[in-house]
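Trainee: As given, the protein sequences belong to chains A and B, one line each in that order.
According to the UniProt record's numbering, the first sequence is numbered sequentially starting from 1.
According to the UniProt record's numbering, the second sequence is numbered sequentially starting from 1.
No lab work stands behind these hints: they were computed from the structure.
A couple of the hints might just be wrong.
Since the list can't tell identical chains apart, any single copy or any two copies may satisfy a pair.
Calculated cross-link-like contacts (lysine-lysine; reagent style BS3-like; alpha-carbon spacing at most 25 Å) [unchecked claim]: (1) K22 / K168; (2) K176 / K48; (3) K176 / K59; (4) K78 / K247; (5) K254 / K49; (6) K78 / K22; (7) K168 / K257; (8) K59 / K14; (9) K6 / K133; (10) K247 / K14; (11) K143 / K59.
If you're wondering where the values come from, they're calculated on a predicted model, not measured in any experiment.
Protein chains: 2
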Amino acid sequence: MQVDSKEIDSFLVKLLTQVGEKLREDSIKKMSVATKKNRNDLVTNFDKKTEQFVNSEIKKAYPEATIVSEEGYGDLVKDMSGLVFFVDPIDGTMNFVKRGDNFASMIGAYIDGEPLNGAIIDVMDNEIYHGGKEIGLFINNQKIDNPKNLPLVEGLVDVSAPMALANKFAVQDVIKKSSGFRVYGSAGIIFGHLLTGKEVMYMSYLAPWDLAAGRVMCEAAGMSVVSIDGAPINMLESQVVIVGTQKVVSEALKTLKTR
Amino acid sequence: MQVDSKEIDSFLVKLLTQVGEKLREDSIKKMSVATKKNRNDLVTNFDKKTEQFVNSEIKKAYPEATIVSEEGYGDLVKDMSGLVFFVDPIDGTMNFVKRGDNFASMIGAYIDGEPLNGAIIDVMDNEIYHGGKEIGLFINNQKIDNPKNLPLVEGLVDVSAPMALANKFAVQDVIKKSSGFRVYGSAGIIFGHLLTGKEVMYMSYLAPWDLAAGRVMCEAAGMSVVSIDGAPINMLESQVVIVGTQKVVSEALKTLKTR
C-alpha cells in the first residue's frame, strides 16, 4: 500500500484540532457519566461521541484503512497488515471529569505493522504533538529536537499509580534511582512530557490505543519503547510497557524484577 | 498592630508578578546547581537571588514585619507575634530544574499567629492565586468561588511521593478510597489545584514556608488544614499536614494509622 506520511500528518493535525475545539466546549458542559468496570473507569458521552466523529473522518479519508479504537466503534482487527489507525478519543478520562485539564486525544497510524505517524492533542493547552520517523516531530507548527539521552539519576519518572503503589516488579527501586516520581494520570499527556524532556520514563499497563501514537513519536525521537518481559511490542494486545530514553530503559530493565 | 489585608494583597500580587517575570527569564538561562542535603534537594542561584529580592521588598514595605524564609535570608523568628511573612522563593525546585514547569513562588502573611493573606504564583502559567478570609480569593483579577465540599470517593488526591510509596500512616488506604492518585511535586501548584477543585486532598511533610500561603487560602476557601496528629498547626515547625475539603480530611483522619 502506498502511503504518504506528510499527508497523513496534515490530516491528523486537522482532525485533532477539530476534536480539541469540541472537547473544550464539552468540558464546560455538564457531563452524564456512566460506570464501566468500576467507579474509576468512567465513560462519558464525550468519549463515545468523539470516537464516532474521529472514526468516521478516518473512514472518509482512508476508506481502505482499519481502525482499532477504545469505545467499540472500530473494526475487528486481527493483524497489522495495511494501514491501521489506533484511536483514543479521550485519554485521561478521570482528569477530564475531575480536573478539566491534563487529558488528551490520540491517533496513531501504522503501515504493515510499522510505526508511521502519531498525533496527540493536549486538549486544554491546545498543543498538538505530531509526526513520525519520516517527517520529524512537531508541537503545533514548531519542529522539536529530540530529547537528551539522560540517565535515570537525572530525570523524573512517571509510573501508573496502581503499579507504583503496589511496587509491582519492584518498580520503586527504579523510582528511587531517579530524580523524582510524578503521576499525571494520562498517557497522552506523559508522552508530551517525554518528547520535551520533562520526564525520562513512563511505565504503565497500556492498551493498544493508549500506546500507539506515543510509541510512533517516542521511537522517532530516539527513545526506547519496550514491553516489560523483553518481547516485541504487540500492537493488538494490552501489555506493561516502558517508554524512556535509551539509557533509562536499559537501567530500568536491569533493575526491575519481572519474574 | 494595624494591618490592611487589601493593601497587603496588592503588595503581594505586585511582588509575585515581578518574581514571575524574573523566574521565567531565569528558567531559560543555564543554571548553576548546587547540592544541599542530597542530589534531589537542589538549590539554585535563582532560589537565593529570588529570596533576597522578595525579602528586601518586604522589609522596605513593612519594616516592622519579621520574615521566615527557606534559604536563610530571613529573621530568627521565635514566636508569631506581630506581622510575619513566610517566603518560599521557588517551590518545586526539582520541577524548575528538570521540567521547566509546575513550580511556584509563595508568600504567606500572618498577624499575631492568625492567617491573613496568601499569594502563590504558578510561574510558567503566570497565574497568581491570592487573597484571604477578609477579602476573598482570586486568580489574577478574577474572584473565585469556594470549591465544593466533595467526599473522598469523588476526587483526586495528591500525596508526597515518599509518603505514598512507603505507605506511611497507611495512606494508601486513603488513596484507594479516592477517585485517583496524582503526584505533581510542588505544594504551591497543588494548593492551586485544591482551590479550584481539581484535587480534594494533599498530604505531605511541609516546612512553614511550604504551608503558609496555601493554609491561609485553603482555610479562607472553607477547607480543613490539620496536622496529622490532630495537634494545631505550628507555623514555626515542619510537620505532616493534610489539606482538603472538610469531608475528605475527616475521612482521611479516620482512615490513617497515626500510631
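Trainee: Next step is simple, just say for each hint if it's right about the structure.
Mentor: These are the hints, each one checked on the structure:
1. K22 / K168: Neither: 38 Å inside a copy, 42 Å across copies.
2. K176 / K48: Neither. Shortest intra-copy (39 Å) and inter-copy (27 Å) distances fail the 25 Å Cα cut-off.
3. K176 / K59: neither (46 Å within a copy, 41 Å between copies)
4. K78 / K247: Neither: 34 Å inside a copy, 49 Å across copies.
5. K254 / K49: neither (43 Å within a copy, 41 Å between copies)
6. K78 / K22: neither (32 Å within a copy, 55 Å between copies)
7. K168 / K257: For K168 and K257, both the intra-copy (8 Å) and inter-copy (23 Å) Cα distances are at most 25 Å.
8. K59 / K14: within (15 Å within a copy, 54 Å between copies)
9. K6 / K133: Within one copy, since 11 Å is at most 25 Å while 56 Å is not.
10. K247 / K14: Cα proximity of K247 and K14: none, with 35 Å in one copy and 44 Å across.
11. K143 / K59: neither (28 Å within a copy, 46 Å between copies)
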